[in-house]
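Protein chains: 2
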Amino acid sequence: MYAAGSLFQLLRDGRPRTRAELAAETGLARSTVTQRVDSLLASNLIGPADKAASTGGRPPTRFAFNPNARFVLAADIGATHARLALTDLACEVLAEAADELLVAAGPEPVLSWVNATGQKLIAKVGRDPADLLGVGIGLPGPVEHSTGRPVSPPIMPGWDGFDVQGYLEDRFGAVALVDNDVNIMALGEHFAHWSNAPHMMFVKVATGIGSGLISDGRLHRGAQGAAGDMGHLQLPHGTDVVCRCGNTGCLEAVASGAAIAAKLAARGIQAASSGDVVTLARGGNIEALQLLRQAGRDIGEVLAAAVSLFNPSVIVIGGSLSQAGEHLIAGVREIVYRRSLPLATQDLRIVQSSTGDRAGIIGAAVMVIDHALAPAQVDLMIAAPAGT
Amino acid sequence: MYAAGSLFQLLRDGRPRTRAELAAETGLARSTVTQRVDSLLASNLIGPADKAASTGGRPPTRFAFNPNARFVLAADIGATHARLALTDLACEVLAEAADELLVAAGPEPVLSWVNATGQKLIAKVGRDPADLLGVGIGLPGPVEHSTGRPVSPPIMPGWDGFDVQGYLEDRFGAVALVDNDVNIMALGEHFAHWSNAPHMMFVKVATGIGSGLISDGRLHRGAQGAAGDMGHLQLPHGTDVVCRCGNTGCLEAVASGAAIAAKLAARGIQAASSGDVVTLARGGNIEALQLLRQAGRDIGEVLAAAVSLFNPSVIVIGGSLSQAGEHLIAGVREIVYRRSLPLATQDLRIVQSSTGDRAGIIGAAVMVIDHALAPAQVDLMIAAPAGT
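Those protein sequence lines, which keep their order, are chains A and B.
So for the first sequence, this note's numbering puts the first residue at 258; every next one is plus one.
So for the second sequence, this note's numbering puts the first residue at 258; every next one is plus one.
Excised from the complex, chain A in its bound form (with noise of 0.2 Å):
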């Protein structure tokens, strides 16, 4: 526990330090500091800062963080949509793609479609792959993060049990870690402007719904992944709407993305996705703008359980969806502060998401900064000098 991951966590704070200050801030011996900065220095993960002011003489030497030690290469898969990008350790993106495919087209196209648009930007951005810390993808579907496979995803036939994790770990020669979109976009918006709230609720409303649930600063995942899957509660008012997922009366059933693009096509409008949805509500179509503040409404029926169990102080509305405006957001603060219980809502705060469609990839970088830049993981990552 006080090998040189713990040292380097002091560091990644940004603020620059000498030997001096490091060991007179550990208690460590000072020739365990100069033998762990010189592991950290060896590794890239620290570098040379300013000079520190001396009293005479040369002045000693700082060290800080260096955040383009490594870089991270993240993913996030949608059902239509597919989104990638290369960051530094401080989740800035260096570059980025997006391509339309299908996830229902399987793994091996989508998976090979990450792994040749991967090699590309670490190409273009002339990284060395040697470089790369880790890989990061969120999927639209449950995962069991601990193994890196899909549970039963509805919406992706031929992804059961694949083992992605391996798959991208044999192409990118780097630890990778898999967790389910929603998650990741809950990690991304928690960590870009929500990092001073400890409990978060990410309700993404997209072709389907679901939620993140940040609590004290980490992500809930829950036992088998599946902490958050809200799309598949059913409402309170009943109805007998049969969903994809074969029950009736599910949230994801009368309020998703799809849900509305059937209702607006059932009163003879053009509309065939989530996408159509927004299109229509950004130009002022009437119908489509009721059906989103209905929506809103009956994600606020099974939000307002939500917030009186979990007690989040924010709740951020994201997905494709929330782009459309405010009629969403304003269906669901109207239920929610209805029925929710009045403790739970005193300081509640219901937003947009500020990330947009970056919250996923952002999201995926950090869920591989988070665990590639553990003490234990440091340690790992640092090849001991003999006699340690």
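Hint data in this document are derived by calculation from the structure and do not stem from the laboratory.
Think of the CB as a built atom: it goes at the ideal place given N, C-alpha and C, for glycine as much as any other residue.
Each hint should be verified, as a subset may be incorrect.
Said to hold, decoys possible - Label-pair ranges, simulated between beta-carbon atoms: (1) B/D385 - A/D295: 43 to 51 Å; (2) B/A587 - A/D417: 28 to 36 Å; (3) A/A355 - B/A277: 51 to 59 Å; (4) B/L267 - A/G418: 39 to 47 Å; (5) B/V499 - A/A631: 18 to 26 Å; (6) B/R606 - A/S288: 49 to 57 Å; (7) A/E282 - B/R606: 40 to 48 Å; (8) B/E544 - A/T536: 57 to 65 Å; (9) A/R606 - B/A352: 42 to 50 Å; (10) A/I412 - B/N453: 28 to 36 Å; (11) B/D627 - A/E357: 48 to 56 Å; (12) A/G383 - B/A277: 33 to 41 Å; (13) B/P632 - A/E544: 55 to 63 Å.
Chain B: place on chain A using the hints.
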């Protein structure tokens, strides 16, 4: 981060270590280890254990965590019943007391009972009051944990905003921590039986209904400390029973001990409290058993959504009504396994509380120990020798 408190965390696992082993394990300088071991010895938090094997000469001393260095006062206040215990730092109960006490009598009579009875217990076990590590107390209503004050507790007239923490710290001269009773029961049950289950839900079914959530081994309190408040969620099949909270159709208005007693009384069966319901059920009263099973189903309706959202690996049903036999829990299982998402119930266990009415005091002790033996707190506790 590398001070005496951190060194102490190593020793909390109970394994004795020599100074040399501590230096090797931590990378701390030998002189630093010696100084910190001396501080911890002076504080009595560690003590010499057995002698280590040596290759010759005087064997070096091993040091180990001393659970008797301090003790904790733990209180669990229910609606009509109060329970108090002293425990050591391993949560072993040293002495306990219980009394019928109405929380509705207000803070002064209840807390002065805690004070008087606590002092008596301390005298009884013959401990120095200065060795009191802290006081933990659970109250039957919402509590702002950070300030130790109840927040609009519905069944606790006179307690709203009362400085429970300050009151107890003044009387006992030690840190006091306050939480709601269900949260501390969740902590106690998790500590005693489920420390290997990172995600747990504890449901208390007694006069009222509430739950406590354990996320990744830690209590999820939520933004206002209101997390887990499931008693006032609406049942999917709406009812028009008026709840004490002023709403209609709340779970608690239909499925609590108070609600079942009222239903029995309406059928001409003598029952005025959840205690009467338990007695009737244990005596085999068919109507009581039927009502308990139905209460379990109603609780299951609300839990089904909670399971999909939170994805625990175990749900523990506690509170007085859980002691009335298997009917309540059978009703819960019946609905949760039918209505929750298949992935979330894959390995889900729904079990009866094993700590019974001791869950609260164990949890109150855990709350104090986790807080007061954290590294930074231990550093504060230890008077640092000159020059450090």
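* State the violated hints by number, sorted upward, taking the hints as numbered earlier in the document. => Violated: hints 5, 12.
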